[in-house]
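Given the coordinates of chain A, work out where chain B should sit on it, guided by the hints.
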Amino acid sequence: MHIPRVNWLFFGIYTLITASILAAALLLPDFRANSVLAGAPLRDWLLDSALPAVLPKPDPVTISVLYSTEKDAWLQEVIQDFAAGDYAVDGHPIVVELEKMGSREIYLSVLDETRKPDIISPASFLQISILQDLSTSKFGKPLVNRADKPACQSVVTTPLVMVAWKERADVLWGTQPGSEMWQDLHNALTDPKGWSAYSHPEWGYVKFGQTDPLKSNSGFMAILLMTYSYFDKTSGLTSDDILSNPDFQKWFLEIQNAISQYESSTGPLMQKMVAFGPSTYDLVAVYEATAIEQAANAVGRYGELRVYYPPATILSDHPFCILNGDWVTPQKAQAAQIFINYLLSKPVQEKALLKYGFHPVDTSISLDQTGSPFLLYRDNGLRSDISGLPVVEVPDGNVLNTLQEFWSRNIKP
Amino acid sequence: MKTRLYPVLALLIVLSLLLTACQGGGISILDGKKVVVSITYGSEKKEWLEPLVAEFNAANHKNADGTTIVVEATPMGSIESVNAILSGESQPVVWSPASSIYIPVANSEWRKTHADDLITGTPNDLVLSPVVIAIWKPMAEALGWPSKALGWADIGGLAASPDGWSAYGYPEWGSFKFGHTHPAYSNSGIVSIIAEAYAGVEKQRDLTLADLSTEKAAAFMTSVESSVIHYGTSTGFFAERMFERGPSYLSAAVLYENLIVAQESKRLAGSSTQLPVVAIYPKEGTFWSNHPYVVLNAPWVTAEQKEAAATFQAFLLDRPQQLKALELGFRPADPSIPLTTPLDTAHGVDINQPQTVLEIPTAEVIDGVQNLWKQTKKVVDLVVVMDTSGSMGGEKISAARSSLMQFIQLLDDRDRLQVIVFNTKSIVLSDLTPVGEKREKLINRVSGIIEEGGTRLYDTTLEAYQALEQDGDPKHIRAMVVLTDGQDTESNTTFQDFMSQIDSSGTEAGLSIKMFTIAFGSDADKDILKQMAEATGGKQYDSDPKTITKIYGDIATFF
Numbered sequence: 001m002h003i004p005r006v007n008w009l010f011f012g013i014y015t016l017i018t019a020s021i022l023a024a025a026l027l028l029p030d031f032r033a034n035s036v037l038a039g040a041p042l043r044d045w046l047l048d049s050a051l052p053a054v055l056p057k058p059d060p061v062t063i064s065v066l067y068s069t070e071k072d073a074w075l076q077e078v079i080q081d082f083a084a085g086d087y088a089v090d091g092h093p094i095v096v097e098l099e100k101m102g103s104r105e106i107y108l109s110v111l112d113e114t115r116k117p118d119i120i121s122p123a124s125f126l127q128i129s130i131l132q133d134l135s136t137s138k139f140g141k142p143l144v145n146r147a148d149k150p151a152c153q154s155v156v157t158t159p160l161v162m163v164a165w166k167e168r169a170d171v172l173w174g175t176q177p178g179s180e181m182w183q184d185l186h187n188a189l190t191d192p193k194g195w196s197a198y199s200h201p202e203w204g205y206v207k208f209g210q211t212d213p214l215k216s217n218s219g220f221m222a223i224l225l226m227t228y229s230y231f232d233k234t235s236g237l238t239s240d241d242i243l244s245n246p247d248f249q250k251w252f253l254e255i256q257n258a259i260s261q262y263e264s265s266t267g268p269l270m271q272k273m274v275a276f277g278p279s280t281y282d283l284v285a286v287y288e289a290t291a292i293e294q295a296a297n298a299v300g301r302y303g304e305l306r307v308y309y310p311p312a313t314i315l316s317d318h319p320f321c322i323l324n325g326d327w328v329t330p331q332k333a334q335a336a337q338i339f340i341n342y343l344l345s346k347p348v349q350e351k352a353l354l355k356y357g358f359h360p361v362d363t364s365i366s367l368d369q370t371g372s373p374f375l376l377y378r379d380n381g382l383r384s385d386i387s388g389l390p391v392v393e394v395p396d397g398n399v400l401n402t403l404q405e406f407w408s409r410n411i412k413p
Numbered sequence: 414m415k416t417r418l419y420p421v422l423a424l425l426i427v428l429s430l431l432l433t434a435c436q437g438g439g440i441s442i443l444d445g446k447k448v449v450v451s452i453t454y455g456s457e458k459k460e461w462l463e464p465l466v467a468e469f470n471a472a473n474h475k476n477a478d479g480t481t482i483v484v485e486a487t488p489m490g491s492i493e494s495v496n497a498i499l500s501g502e503s504q505p506v507v508w509s510p511a512s513s514i515y516i517p518v519a520n521s522e523w524r525k526t527h528a529d530d531l532i533t534g535t536p537n538d539l540v541l542s543p544v545v546i547a548i549w550k551p552m553a554e555a556l557g558w559p560s561k562a563l564g565w566a567d568i569g570g571l572a573a574s575p576d577g578w579s580a581y582g583y584p585e586w587g588s589f590k591f592g593h594t595h596p597a598y599s600n601s602g603i604v605s606i607i608a609e610a611y612a613g614v615e616k617q618r619d620l621t622l623a624d625l626s627t628e629k630a631a632a633f634m635t636s637v638e639s640s641v642i643h644y645g646t647s648t649g650f651f652a653e654r655m656f657e658r659g660p661s662y663l664s665a666a667v668l669y670e671n672l673i674v675a676q677e678s679k680r681l682a683g684s685s686t687q688l689p690v691v692a693i694y695p696k697e698g699t700f701w702s703n704h705p706y707v708v709l710n711a712p713w714v715t716a717e718q719k720e721a722a723a724t725f726q727a728f729l730l731d732r733p734q735q736l737k738a739l740e741l742g743f744r745p746a747d748p749s750i751p752l753t754t755p756l757d758t759a760h761g762v763d764i765n766q767p768q769t770v771l772e773i774p775t776a777e778v779i780d781g782v783q784n785l786w787k788q789t790k791k792v793v794d795l796v797v798v799m800d801t802s803g804s805m806g807g808e809k810i811s812a813a814r815s816s817l818m819q820f821i822q823l824l825d826d827r828d829r830l831q832v833i834v835f836n837t838k839s840i841v842l843s844d845l846t847p848v849g850e851k852r853e854k855l856i857n858r859v860s861g862i863i864e865e866g867g868t869r870l871y872d873t874t875l876e877a878y879q880a881l882e883q884d885g886d887p888k889h890i891r892a893m894v895v896l897t898d899g900q901d902t903e904s905n906t907t908f909q910d911f912m913s914q915i916d917s918s919g920t921e922a923g924l925s926i927k928m929f930t931i932a933f934g935s936d937a938d939k940d941i942l943k944q945m946a947e948a949t950g951g952k953q954y955d956s957d958p959k960t961i962t963k964i965y966g967d968i969a970t971f972f
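The listed protein sequences derive, respectively, from chains A and B.
The numbers in the first sequence follow my numbering, run straight up by one, and end at 413.
The numbers in the second sequence follow my numbering, run straight up by one, and end at 972.
Think of the hints as simulated: they come from the structure by calculation, not from any bench.
Quick caveat: nothing in here was measured; it's all calculated off a predicted structure.
Accuracy of the hints is not assured; some may be wrong.
Which residues of chain B face chain A? A partial, calculated answer using Cβ under 10 Å [stated by the list, open to error]:
1) ASN537
2) LEU541
3) VAL614
4) LYS616
5) THR699
6) PRO745
7) LEU752
8) ILE764
9) PRO767
10) GLU853
11) ILE856
12) SER860
13) GLU864
14) GLU865
One-sided and incomplete, this derived list gives chain A residues near chain B with beta-carbon spacing under 7 Å [to be verified]:
15) ALA275
16) SER279
17) ALA295
18) ASN297
19) TYR308
The beta-carbon is built from N, C-alpha and C at its ideal position, and this holds for glycine as well.
Isolated chain A, as found in the complex:
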């Protein structure tokens, strides 16, 4: 049969156009995600089952997260499930790049622009507060806003606690520290007779451990609690309190000067407490979750290790905040919010509790459930309900800065 040449031409053009439309539909993520076409069974089958194997993946949307070291193990674990899940923005799969660093380094690197992350997650809102303050002064607008929920919210929490060898804590403050805990500690640390003053010369001088407040959040939280406690309040701390009260300054520096060495990070401080035993630290200020992390290791070693709650505490509340930087495109912001929501999902929150000892922010999850460390280590002083424990207010960034400055001018670790 003879087919006229012009028909071949039309057939060719038709095929080309059809093929182009099909390719565009399959290759361009926006086209793929187009809801107008959603529900077409052939399209769905092609996209879900048949084509992913043969077609290149659409460009991912990558978000970078700078986070503090304390939640490293939990994040590294849950990120695997996130990566394996089907999380996408407009068909672009979300890829999360994690980088850990100290909480202070996080906001400093954002401020000096050596890092431009989409999300930051320091150990607490203290650093968010400082960055909000400092970035407003530097750039004329805040890079974060601590009131800006859901873009900036706590994901898990853990309070600052005291961990001590029970035998020694019994002598220092009995079964529980009273409302004068920091004053009692001040007295013990500054008494030149050390433990001899408590009829235990064999324990030497009193050894309290905290981290370096310039390098680690828990040390910063510890000095903030001491400061609040001196002024006998839980809110309304001012820069003036810190700078204009010589009695406070003397009292505060006496405690700090009695600390022989400052660890630069909370995990290693707690590890040292367990590895070296009471010879090196009688008591340390660390996060409850850090204490839980070492609880199993401490069993049967050097004596009984216990968790004690200070008269007022502060939460390491692990905020995840999307930055208001111009590098955070709407698409990245959307992806970042999806990631934060994922961290707030029940299975991820439960993992934070059961495996890592954090308090989930999802209040429907019980701390007393089977397998919870709060149940397992109840006899070591862990409390599943701290609702009655006063929590101090996070002061403004400038007050926090004043406290850090005061410490750094007077103490050289």
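Showing chain B alone in chain A's frame:
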């Protein structure tokens, strides 16, 4: 044409196969790229680290870019090694001393010529072991142990007692003989003298320069140091001496807990017949030997080496390696490993101890303690006996002269030194008088030594030994250094006569004259020199013109 192509094709195939193999790291000749991580480490962990280095290297670990990591580790006294780094003599990638105590001093020295610290951040600990006083169990019991807690003050009391062990009802044990290593070379030496300073002023923290200038501090240190039989460069060597030679050599010494566990394991297995030994955890407090792994913040350390050093660190902190450390008597740095056997009373140790530590002083105060020690340390009465026979000609005599001159510089002003040279006859170049009053003159005199004649070894050495016994002060460390390059050709005394006269057994063996013998060159009779040294508790060295300065340096650590 086609046939000519075959060999070329075959060659290409073989080459491509080889290159493919190299990609996988199979052939080191071709891929060859390696990164060397040099480590100087405190010799106390040699038994643990040496096999692990071999195991790590054999496993062909790599950096991310595929470069093979090669670890080269050298044991060295902790203080000695950092001094070598500070002087530029040694440039390792990693420094792992026995403890962190000297880090502030190292940083403060480094900062004199650099903008940054040499050691930054908080290094990870590899293994742990408390500093303890090792003492023979019956002696500890005589002091009231275990019901009574003992400490540095008890050591001071024993050292000050003129009657020694008689005061405790054990005259048969003679005087109290104590030992710690040299503080200028070894970590356990420096912690010993810091602990003595604390005990002298009855403090456990806040040691100040003002404390060090008190009468009490000096008196206590002088008293403890008076009971020291000699110093030494490495804690491991000290332990070996104590456990080989027994209670007549040393009653007690400052060691690490792991060394006691190792000795007790040996004794329980039947390979040591010594008395049991136990660890005293000083009641006033002690220090930990924590073996930090320091990747130096030095200009010679590359990013590639840092990456490789981190891989090796992770390997050492891995559970199997930490378990090996436990087997050898260390407390693992990994707290998830329980402190079980051999860390138990059967092995002379108590894991519930220590109860407290002493505060690590500032760099300035540590320097002050070292100065106080120099003033209070035991004086040495030393006789150098040097062969100047004809065979010493050329390079030998000039190296022997210059190394002796350097050695004289290492001695303290209060040390007394006699120099005797011998060939066919012996000549006293300088009498046994304090070095301070004759140092330059003596160095000049040594520079003029020439060689000639035969080798009158036994006669000269025996005469010197007997003279030192008579003229030396028994309250001083008494020692001889004998250097010779050949066989005895001139003496009336035979080797057997000689050995029978220098016998130093008995309860006071530790206080007898120590002989350090140097076999200089291949013609010297090493065996005879070894017997001479070992009979006295000294040490024999093999040397040549290239190593003689180092040998004299090692001998100096005993004083």
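Minimum Cβ distance from ILE764 (chain B) to chain A below 10 Å?
-> Holds. Min distance 8 Å.
Minimum beta-carbon distance criterion (10 Å), THR699 (chain B) to chain A = Holds: closest Cβ of chain A sits about 8 Å from THR699 (chain B), inside 10 Å.
So, LEU752 (chain B) near chain A? Judge it on the closest CB pair being under 10 Å.
-> At 6 Å from the nearest chain A Cβ, LEU752 (chain B) passes the 10 Å test, so the hint holds.
At a threshold of 10 Å, is the proposed contact between LEU541 (chain B) and chain A supported by beta-carbon distances?
-> holds, 6 Å
Mind checking the CB of VAL614 (chain B) against every CB in chain A and telling me if the closest is under 10 Å?
-> At about 12 Å, which exceeds the 10 Å cut-off, the nearest Cβ of chain A leaves the hint on VAL614 (chain B) violated.
Taking the closest Cβ pair, is ASN537 (chain B) under 10 Å from chain A?
-> holds, 8 Å
Should the interface hint for GLU853 (chain B) be scored as holding, given a Cβ-Cβ cut-off of 10 Å against chain A?
-> violated, 43 Å
Restraint outcome when GLU865 (chain B) is required to lie within 10 Å of chain A by C-beta distance | Because about 62 Å separates GLU865 (chain B) from the closest Cβ in chain A, which is outside the 10 Å limit, the hint is violated.
Is the hint on LYS616 (chain B) kept, meaning its closest Cβ partner in chain A is under 10 Å away?
-> At 9 Å from the nearest chain A Cβ, LYS616 (chain B) passes the 10 Å test, so the hint holds.
Interface hint status, ALA275 (chain A) versus chain B (Cβ within 7 Å) | Holds, because the Cβ-Cβ distance from ALA275 (chain A) to chain B comes to roughly 5 Å (cut-off 7 Å).
When the nearest CB of chain B is found for ALA295 (chain A), is that gap smaller than 7 Å?
-> Hint violated; ALA295 (chain A) Cβ to chain B Cβ min 11 Å, cut 7 Å.
Does the CB of GLU864 (chain B) sit less than 10 Å away from some CB of chain A?
-> Cβ of GLU864 (chain B) sits 57 Å from chain A, so the hint is violated.
Consistency with the previously given hints fails for numbers 3, 10, 11, 12, 13, 14, 17, 19, ordered from lowest to highest.
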